[in-house]
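With these hints in hand, go ahead and build the complete structure from the sequences.
All residue numbers for the sequence shown refer to the UniProt record's numbering, where the first residue is 1 and numbers rise by one.
Just so you know, the hints here were simulated from the structure itself, not pulled from any lab data. Careful, some of the hints might be misleading.
Pairwise CB distance ranges, derived in the manner of DEER restraints [as the list claims (entries may be wrong)]:
1. Y6 / F29: 24 to 32 Å
2. V30 / Y50: 53 to 61 Å
3. Y50 / L13: 52 to 60 Å
Computed from a prediction, not measured in an experiment: that's the story for all the values here. For glycine and all other residues, C-beta sits at the position ideal for the given N, C-alpha and C.
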Amino acid sequence: MMEFLYFPEDKSLYIPAIISLLIFVIGAFVTMYFIQKASKKEQEKWDEQYKNHKD
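Take a look at the structure:
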């Protein structure tokens, strides 16, 4: 009935999946860090520009 589920008896087959999952998770965190860093820099630039126009 559930032929689409495959759980291998040899658990070493999970190792490549775990490694690729870790690579993508670390990549996601690094990307999020750079996006937040760029966003903060852009916000400071915008605040400075707005401050100059307000006066």
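Results for each hint:
1. Y6 / F29: 24 to 32 Å: Taking Cβ atoms as reference, Y6 and F29 lie about 29 Å apart, which means the hint holds.
2. V30 / Y50: 53 to 61 Å: About 30 Å separates the Cβ atoms of V30 and Y50, which means 53 to 61 Å is violated.
3. Y50 / L13: 52 to 60 Å: With a Cβ separation near 56 Å, Y50 and L13 satisfy 52 to 60 Å, so the hint holds.
The structure does not agree with numbered hint 2 stated previously, though it agrees with all others.
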